[in-house]
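S.K.: Chain by chain, the residues run as shown.
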Amino acid sequence: MDWDLFSASFWPILREGVRGTIPLALASFAIGLVLALGIALLRLSATPVLSWLGRAYVSVIRGTPLLVQLFVVFYGMPSVGIVIDPWPSAIIAFSLNVGGYAAEVIRAAILSVPTGQWEAAYTIGMPRAKALRRIVLPQAARVSVPPLSNTFISLVKDTSLASLILVTEAFRQAQNIAAFSSEFMLLYVEAALVYWLMCTVLSIGQDRLERRLERYV
Amino acid sequence: MRRTRVLATALTAVSLVLALGACSSGSDDAAGAGGSATGGSDLGLVTGGTLTVATEGTYRPFSYHEDGSGTLVGYDVEVAQAVGAKLGLKVAFEETQWDAIFAGLDAGRFDTIANQVSITDERKAKYLFSAPYTTSHGVVIVKDGDTSITSFADLQGKTTAQSLTSNWYQLAQESGAKVEPVEGWAQAVALLEQGRIDATINDSLTYLDYVKEHGPSGLAVAATTDDSSQSAFVVGKKRQALATAIDGALADLAADGTLAALSEKYFGEDVSK
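Protein sequence lines, in the order shown, are assigned to chains L and F. If you count by the UniProt record's numbering, then the first sequence holds residues 1 to 217, one letter each, in order. If you count by the UniProt record's numbering, then the second sequence holds residues 1 to 273, one letter each, in order.
By construction, these hints were calculated from the structure, which means they are not laboratory data. Possibly wrong hints are sitting among the right ones.
[To be verified] Incomplete in silico selection of chain F near chain L, CB under 10 Å:
hint: 1; residue: 100
hint: 2; residue: 106
hint: 3; residue: 125
hint: 4; residue: 126
hint: 5; residue: 166
hint: 6; residue: 182
hint: 7; residue: 183
hint: 8; residue: 187
hint: 9; residue: 195
For every residue, glycine included, the Cβ atom is placed at its ideal position computed from N, Cα and C.
Take the sequences, apply the hints, and build the full model.
M.R.: Next comes the structure, spelled out in structure tokens:
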């Protein structure tokens, strides 16, 4: 065990985690959630074409590996003339991915709101869009927080794949140091610890959020 | 309260590292025991009677699949098979990404690497090398028509793409280039052709083969290293017996003309010395 190397490399890895991994995960998750809400509403739509579109999207995203999605955006698009920088490429691929997974969570959460809530909203004269926004979505949000947190934690770890398309984040920093020191075992374990640490902190945030949303029960 | 929690986290971390460390040293012992089952009894092979060789499988013309999906072939692959035959061992190939290849060797997942591993001082400090079986030069490859790079010194401030663990990565860094790490030659060339990097450094043989396969590629050689680099089989530091055995086999293959013939087959000239 090379403790000097361990302690000397801990901060550089964590720093890239804070500067690279976490912003990448947050930006992708935010965009992905908006996308997911749209896809979920498409899937719930009574119009067959729209619901089929939503279904097809979820099927493609869930049926293909994230790494392949990243490579298609970064290495594949240039062959049709679209060259996107590493960071935007990563954000595009990750948000498309989150969109697919979170759409199913949101759809299930909306369906979990009793039909009576819709009916009550209609009774007092609310149109469908308003009923959704004011009555159904707030209740669905509470239900969807635990599974969405799960999606987010997965995303934080999945961002390590961005190291393969030239994005600097925690894992790439660990690989850099490992390449020069030839201490692969040590640096990989250290990278694992950094991800674990980041995910633990984020889980605490999730707990807080859940407790806050309990107020709406 | 906070202090205990920090301490507990630190202790968990330490025990995890130690446990994993113990696993990796344990696998060396296991490998030794496995080797004594059949042939090559004193070589400490991962699987008795079989030489387990790591290679990329995506590195033309050294290690690749015929027509992209057929059998694993290539200069390094055939040299490894010939070495195995001389030693009376079966040869099993493990296809691994280059950046994980040394980590795999450290972990005792295979006996040796046949993937144009250049002999460098840094690697010699950590691994044993066999006698070399390839000699080549490094070249700086740029887009055809790019006159801003004509030497290694011109890489100062430019962007190149290299595998993290390759010696070209270090050469590029020493030349002052900003280096983007990639998985291998295929990605480096893609980035160069897409105009995302200015240059990439690689083996002259790799480049020549690429041009041979792709016709006029829109790429050009901007500079060549003065000194040549030699590639050899690499094994773990404790496997002296295996390194010696491979050396013996390579000497036999050089003497009976096998190496020269394989080299001629893939490169049209003898690059084995």
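S.K.: Does each hint hold? Answer for all of them.
M.R.: Here's how the hints hold up against the structure:
1. Interface restraint check for residue 100/F: the shortest CB-CB distance to chain L comes to about 8 Å, inside 10 Å, so the restraint holds.
2. The beta carbon of residue 106/F is positioned within 10 Å of a beta carbon in chain L (closest approach about 6 Å), and the interface hint is therefore held.
3. The beta carbon of residue 125/F comes within 8 Å of a beta carbon in chain L, closer than 10 Å, and the hint placing it at the interface holds.
4. The criterion of a C-beta within 10 Å of any C-beta in chain L is met by residue 126/F, whose closest approach is roughly 5 Å, and the hint holds.
5. Here the hint on residue 166/F is kept, as its CB sits about 9 Å from the closest CB of chain L, short of 10 Å.
6. With its C-beta approaching chain L no nearer than about 7 Å, residue 182/F sits inside the 10 Å limit, and its interface hint holds.
7. Among the interface hints, the one on residue 183/F holds; its C-beta lies about 7 Å from the nearest C-beta in chain L, closer than the 10 Å criterion.
8. The beta carbon of residue 187/F is positioned within 10 Å of a beta carbon in chain L (closest approach about 7 Å), and the interface hint is therefore held.
9. A cut of 10 Å between beta carbons decides the hint on residue 195/F: the least distance to chain L is about 7 Å, and the hint holds.
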